[in-house]
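As they're listed, the protein sequences go chains C and Z.
Counting from 1, position 15 in the first sequence corresponds to residue 14 in numbering that gives the first Met the number 0; the numbering is continuous, with no gaps.
Counting from 1, position 180 in the second sequence corresponds to residue 179 in numbering that gives the first Met the number 0; the numbering is continuous, with no gaps.
Fair warning: there could be bad hints in the mix.
Residues from chain Z that face chain C, not an exhaustive set, calculated with beta carbons under 7 Å [stated by the list, open to error]:
#1 A18
#2 I69
#3 S222
#4 V565
#5 G567
If the Cβ cut is set under 7 Å, some of the chain Z residues that face chain C in the computed set are [unchecked claim]:
#6 L6
#7 K7
#8 A13
#9 L21
#10 A22
#11 V61
#12 G64
#13 A68
#14 A70
#15 G71
#16 Y87
#17 G107
#18 H110
#19 P112
#20 I113
#21 N268
Hints listed in this document are in silico derivations from the structure and should not be mistaken for laboratory results.
All residues carry an ideal CB built from backbone N, CA and C; glycine is no exception.
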Amino acid sequence: MPISSLVLTLDASPERRASALREVARDPRITLGTPLEERWLPVVTDTGSLSEGEALAESLRDLPGVSFVDVVMVDFSEEER
Amino acid sequence: MDRRDFLKGTAMTAATLAASRLAYGQDKAAGTPPAVTGGQGVQWNKAPCRFCGTGCHVQVGVQNGKVVAIAGDQQAPVNKGLLCVKGYHVGLALYGSDRLTTPLLKKGDTHVPISWEEAIDIVARRVLKDPKGFGLYGSGQWTIPEGYAASKFVKGGLGSNQLDANARLCMASAVTGFLATYGVDEPAGCYDDLDACDVLIMWGNNPAEMHPVLFSRVIDRRSRGEKVTLIDIGTRKTRTSGFCDHSLRFKPNTDLAIACGIAHLLVENGTYDKAFVEAHCAFRAPSEPAALEGKAITFEEYRELLKPYTPEKVEAISGVPAKDLRMLADLFGRRDVRITSLWCMGMNQHTRGTAINNLVHGLHLLSGHFGKPGDAPTSLTGQPSACGTVREVGTLAHALPGGRVVARPEHRAQMEEIWNVPKGRLHDKPGYHTLEMWKRFSTPTEQGGDIHTLWVQVTNPAQTLPNTHKLVDPSRKLADKFLIVSDVYPSATARIADLILPSAMWVEKNGMVGNSERRTQQWFKMVKPPGQARDDAWQLIAVAHRLLELGFEGMKDKDGRFLFEVKGKDGKPVPLWDFAHYYDVNVDEHLFEEYRKTTRIKHKDLAPYQEYVKARGLRWPVVQQPDGSWRETRFRFAGFDDPYVKKGRDIQFYHSTTHDDRAQIWFSPYEPPPESPDTEFPFWLCTGRVIEHWHSGTMTMRIPQLQRAMPQAYVEMNRADARRLGVGNGDQVTVETRRGKLDLPVWVGGRGEPPEGSLFVPFFDERLLINGLTLDEHDPFSKQPDYKKCAARVRRRELVAEKQG
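Here chain C stands alone, though its shape is the one from the complex (with noise of 0.2 Å):
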């Protein structure tokens, strides 16, 4: 169950930005941070694999609304090697 942290770059648009926060705030395997100047949304991910995390952080990339995405950390203390 590794848990990876992320920062989201969000769109300039208010409309975008929204519709994306609401997208990611469906997702149960994200927790939301508190967003700085409300473009930039720390999140903390914990998925059920490696590879599960790292496909939800592509999926995050593609997202309308979310123009980058920072990986700032990540535990794999129990991931199989």
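We have chain C; now place chain Z onto it with these hints.
Okay, now just chain Z, sitting in the frame of chain C:
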């Protein structure tokens, strides 16, 4: 709080701090840099990332003797808590299932385990066969102490100069460019330029994939509403191109014409910075016979030489529209914007690599875009210590530590004194550069192949040298040629070795490296290496000691002491050659403190080891202040920051080749490449890297997440070429050059898009060795080969008919 809640809380803190940096930029965040803290049995410590030359710092979480977590280091000025896809998986690089754990000797068709004592004895006896024919081929992944030990072993101990490193393949032309322009190596600017520039020009450079953390610094500025104009000048569309305001495609090798064309417009329009040029610059052109220093020319001669490079002529040569050339010249001609240029392999892996490096430096000097934050010509490196080890320690065939060269008697005398070896021990003739070293290793002894043994450390030449069918493969059929490989995994090179030595890697040992911005970084050993894997520096010291035992005088200093003697607290020599005692002292600290003495003559001053223990790296020159503290330097040659610039001077090129504090603005003509497409081989072939894998993939292909993300090499084709050939994604084609051929799956419409008539193949996949096809032609000064352009043809595997242009 249970462990998961704790981990999630830590993770959210890390994400929030990183978000704060992104939202408010460097300065506001700099006041609140708490690191990831320990707890729940996880011990955290700092280390630079193992992979590229950016020099990101990570926090490494260790539990029960294993690396279990990686976090971006919030206190690191380079990455400010962020990491790229490779960086946050770096911990897994230690745990591939096939780590080498015991020395292996080739017997017949197999490798059989042997003891370390036997392995070290075999290496020592290969030296004794003929020390002058024993070569050491190292790496920009050697740590600084490892590289220094290698230099001392070969140059101080063996009295030969048969030492070179793989950085010859990636940044040697950057070195010769800096030397020919400023008289001293390495960039004057630093990453801070990325935070201050108004215009970022990327010359044949793809930082979105190769240096993503640096690229995100610029993209983050845009996200905060700052205006930064991004310009991509390259031979193919890349991920970087998609972010750029201007994306210019040029025909391979014509970057020299583009640079000359911009200079021509600056001169003819009168928009060059006359005051800067008159105060700080001189002019230079190629000489006959060719020499790195070239010949002095006047401004008027420079102007005349540039005259043929009109926008229309350059458009005809390069394919870049004249209006875009004028746009570039207009930008360089403006004093109200700050311009940073970045480049890496695109300019360096070039048969005219030195010349194009010189020309881009020249554009910045001619236009005065130099010496202010945001105004800088900056080359990037691909390996974590190409700068710190290969360039600064000098693990090259012509070099000695600290910017010295073997050809100069006073430099040899200085090193003989520092190493306390008899006068005359150091040889005055440079050894063989990488391509020559391997060519001679692959040539029968009776035909002049005078390298009988090569010891490879921390690199994978059977995959990364060009034209491997010529430079590597023949040696494996010659009975008297012996290949020794120190590595962590059974790489393409290890598998063909006669002797394999299992190495410790990254946080399994102490280390120091130097990144692209002159930043020297340090870390401590955090976990034990697997099995009998041992430090590369230990391997060198153990062989040195075995040579001493066998009576080889070179491993003694002039007082009869072992060349690598280190005394313990009791004043007695520590038996470092016995691995059980290797960590009784900090060998890195001893080697580094000795090396540090060599760094002053080129004003690359380093601080004491313990200062690096406290810091997330320091950029040289690091100079002690009156209060005893140590101050790094961000902008070299600039009076406001560089302590070696005389008071009252705004700029001083104090290592000028002309000894008058002037930098050289070069003219170099465009010339066609040694091999161009023709009717028989109608395509250009370019090779390179991908974001998921680091160089030859020895580490990243063993990280399941990265391997799955990019499982194998491919050939990227333009859609129109694919259509004409009748192939689509996944279809197998044969790519062929005059040197070899390779079957690859096609990728069309992928992350990059080569122009029509061009192919791109990455080199990370050891099952699909593209370097059997590449060209070993090289730059005459840097001796760096050109992996970026040669002639190729491609055909469907099912069909015999060859593709015609």
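Do the hints match the structure? See the list:
1. A18: holds (4 Å)
2. I69: Holds, because the Cβ-Cβ distance from I69 of chain Z to chain C comes to roughly 6 Å (cut-off 7 Å).
3. S222: holds (5 Å)
4. V565: violated (36 Å)
5. G567: violated (37 Å)
6. L6: holds (5 Å)
7. K7: With Cβ-Cβ at 5 Å, under 7 Å, it holds.
8. A13: This hint holds: A13 of chain Z lies near chain C, its Cβ roughly 5 Å from the closest one there, short of 7 Å.
9. L21: This hint holds: L21 of chain Z lies near chain C, its Cβ roughly 5 Å from the closest one there, short of 7 Å.
10. A22: For A22 of chain Z, the interface hint holds, since the closest Cβ of chain C sits about 4 Å away, which is under 7 Å.
11. V61: violated (10 Å)
12. G64: This interface hint is violated because 12 Å lies over the 7 Å limit.
13. A68: It holds, given that the least Cβ distance between A68 of chain Z and chain C is near 4 Å, below 7 Å.
14. A70: Since chain C brings a Cβ to about 4 Å from A70 of chain Z, closer than 7 Å, the hint holds.
15. G71: Check passed: Cβ of G71 of chain Z comes within 5 Å of chain C, closer than 7 Å.
16. Y87: holds (5 Å)
17. G107: Violated, about 33 Å.
18. H110: Hint on H110 of chain Z: violated, closest Cβ of chain C at ~25 Å, above 7 Å.
19. P112: Nearest chain C Cβ about 24 Å off; hint violated.
20. I113: violated (28 Å)
21. N268: At 37 Å from the nearest chain C Cβ, N268 of chain Z fails the 7 Å test, so the hint is violated.
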